[in-house]
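Residue numbers (numbering that gives the first Met the number 0), protein chains in the order written: chain A, 0 to 99; chain B, 0 to 341; chain C, 0 to 162.
Think of the hints as simulated: they come from the structure by calculation, not from any bench.
None of the values given here were measured: they were computed from a predicted structure.
Among these hints, one or two may not hold up.
Stated by the list, open to error - Just a few of them, taken from the derived set where beta-carbon distance is under 7 Å, the chain B residues facing chain C:
(1) V73
(2) I113
(3) I117
(4) P121
(5) I122
(6) L125
(7) S132
(8) L133
(9) V139
(10) W143
(11) G186
Each residue gets a CB set at the ideal place from its N, CA and C atoms; glycine is no exception.
Below, each chain spelled out in residue letters.
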Amino acid sequence: MVPLSHILTLSVILFTLGAAGFVLRRNIITIFMCIELMLNAVNLAFIGFSRHLGNLDGQIFVFFVIVVAASEAAVGLAIIIALYRNRDSLNIDDLDSMKL
Amino acid sequence: MATFSDTTFFLIATVVKVVVVLVVLLTVVAYAVWLERKVVARIQSRWGPYRVGPHGLLQPVADGLKIFLKEDIVPHDVDRFVYWLAPFLAFTLAFFSIAVIPFGESITIGGREIFFQITDLPIGLLFIFAVTSLGVYGIVLAGWASNSKYPLFGGLRSSAQMISYELSLGLGVVGVLMICGTLSLRGIVEAQRGVWNIFLQPVGFLVYFMSAIAETNRLPFDLPEGETELVGGFHTEYSSLKFAMFFMAEYANIVTVSCLATLLFFGGWLGPVFGPPVLRAVLPLFWFALKVLIFLFVYIWIRGTLPRFRYDQLMAFGWKFLLPVALLNILATSFIIAWWSS
Amino acid sequence: MVPLFYLFALLAVIAALSVVLQRTPVYSALSLIVVLCALAVIYLLLGAEFMAAIQVIVYAGAIMVLFVLVIMLLNAGREKPSERSRLAHWLGVPLVAIFLIEVLAVVWRQFPPGSPSYAAPLDAGPAAIGTLLFRNYVLPFEVTSILILVAVMGAVVLAKKQL
């Protein structure tokens with residue numbers, strides 16, 4: 000049986016990597032992927048807790064997180080496509096003003 | 000045999016099963032190509048492979064040798080890592096699904112029962128869907144890595160087609176799951192001992208079969224790799240061994256989908272069984288193989304007969320016809336089950 | 000069984016590093032797929048078999064396909080290094096390390112690394128999850144279906160060439 004602290008440590012490491020990528024990267028799609036990485040780290044924590052507390056509710060949470068991540072990815076990528084069409088750049092340094 | 004411990008016996012049995020299944024699958028894939036060429040030829044009033052061995056039976060051997068010895072042409076500007084990864088991914092994923100497919104009942108050797116299945120996962124059907132979902136990557140990455148117009152279009156169209164038809168593929172099967180009550184493939188076949196699912200779920204079968212043809216990129220849904228449309232589609236820039244891997248992956252997918260169709264709708268290995276214990280163990284294998292071969296023949300028959308769909312017709316068919324029909328099938332099945340059990 | 004967890008945990012961390020550090024978006028996407036599959040195996044090891052299958056089918060097999068398709072459609076090339084603040088460039092990695100140590104300290108105070116853990120095996124098959132989902136959580140389930148509908152409509156409208 001894997002100790003809960005080890006699962007949580009892995010979850011924290013993945014979350015930190017995701018947060019670091021989110022802040023430090025410039026390409027907007029990579030930033031979006033780091034968001035997905037953070038969501039997955041949280042999913043892992045939920046499943047770890049579900050296993051150790053013997054409660055299935057954690058896995059239902061993961062189910063809803065996956066569903067919401069899917070809708071968020073769809074809308075987010077559509078926004079990125081629309082942005083690219085207007086600004087012609089995927090670098091967020093170029094996307095820093097509301098005016099075209 | 001009684002001196003072996005349970006774990007050693009299990010390990011040896013599993014290794015033997017894996018080796019046997021892989022060898023058989025590779026042979027079936029090679030001879031499915033032969034079958035296709037022969038059947039399509041006969042449909043088109045010509046002979047097909049005839050000279051290499053009796054009735055061209057050694058043609059797959061000759062083809063295999065040719066593919067291995069051909070020159071491997073790699074275009075200059077490809078993304079090397081992804082270019083190499085794509086066929087490898089397609090090939091390995093195509094051979095994963097066979098791990099959960101049951102071929103027959105069981106055989107008792109040395110007092111221990113061996114099932115004709117590499118492993119019986121409680122979520123066997125979901126495992127196959129998972130592997131199918133990942134199979135899209137082989138195609139889309141091949142299209143992108145080739146760094147050329149036609150493969151990119153072919154790859155994008157093909158992956159869009161595959162993920163669209165995955166939905167109806169899964170939903171067409173939900174009716175069967177409601178009737179059989181389990182996701183384990185062995186359990187689904189066992190639940191068909193009374194009556195085969197094809198009689199209980201005809202609409203589900205049609206939805207599943209049409210989605211399966213679209214999933215495996217076969218005619219009439221093979222626009223992404225049709226020669227007259229997109230040169231070769233996603234595998235235009237591939238040659239020799241890598242092309243052969245795509246080819247084998249496609250036929251392995253067809254075999255997997257045919258096996259699934261027999262398991263889910265046609266009772267798997269169920270059929271008349273008689274005689275001594277050895278015959279009792281082997282006959283279910285024979286029935287399973289027969290049903291899968293019939294499906295392969297129907298696949299090839301459809302390929303030789305029907306023209307190709309246009310891409311917008313293809314996508315409209317998947318989203319506007321098959322998906323609603325699958326959903327209505329689920330609705331109707333659940334109503335009937337609820338009414339029957341009250 | 001347990002050493003497998005550490006093996007796949009290591010794989011997940013290496014792939015996550017690759018996601019964050021790769022300059023080409025396609026390689027980041029491929030690394031993210033590796034992370035997702037490694038996590039799916041870890042879920043399997045923790046007894047959540049249905050969630051592992053859902054993770055591969057939905058997350059790795061559909062959401063990431065969407066990412067890869069958009070990357071290819073927009074032809075996202077190698078990322079150029081940012082010309083902005085030099086200070087942020089040098090402070091970045093140490094701050095990340097400090098953040099990591101902070102969060103780990105908080106977690107380890109509550110769940111010390113050496114503490115034993117007991118838990119009975121859990122039935123996490125599709126039937127159990129389905130029962131829970133359609134009895135206790137049926138309202139969130141229906142709400143998420145409306146959410147997905149709205150998301151689909153929004154995505155179609157946003158990505159259209161002409162409204």
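Do the hints match the structure? See the list:
no. : hint : in the structure
1   : V73  : violated, 18 Å
2   : I113 : violated, 24 Å
3   : I117 : violated, 17 Å
4   : P121 : holds, 6 Å
5   : I122 : holds, 5 Å
6   : L125 : holds, 4 Å
7   : S132 : holds, 3 Å
8   : L133 : holds, 6 Å
9   : V139 : holds, 6 Å
10  : W143 : holds, 5 Å
11  : G186 : violated, 12 Å
Figure legend: structure checked against the earlier numbered hints; hints not met, in rising order: 1, 2, 3 and 11.
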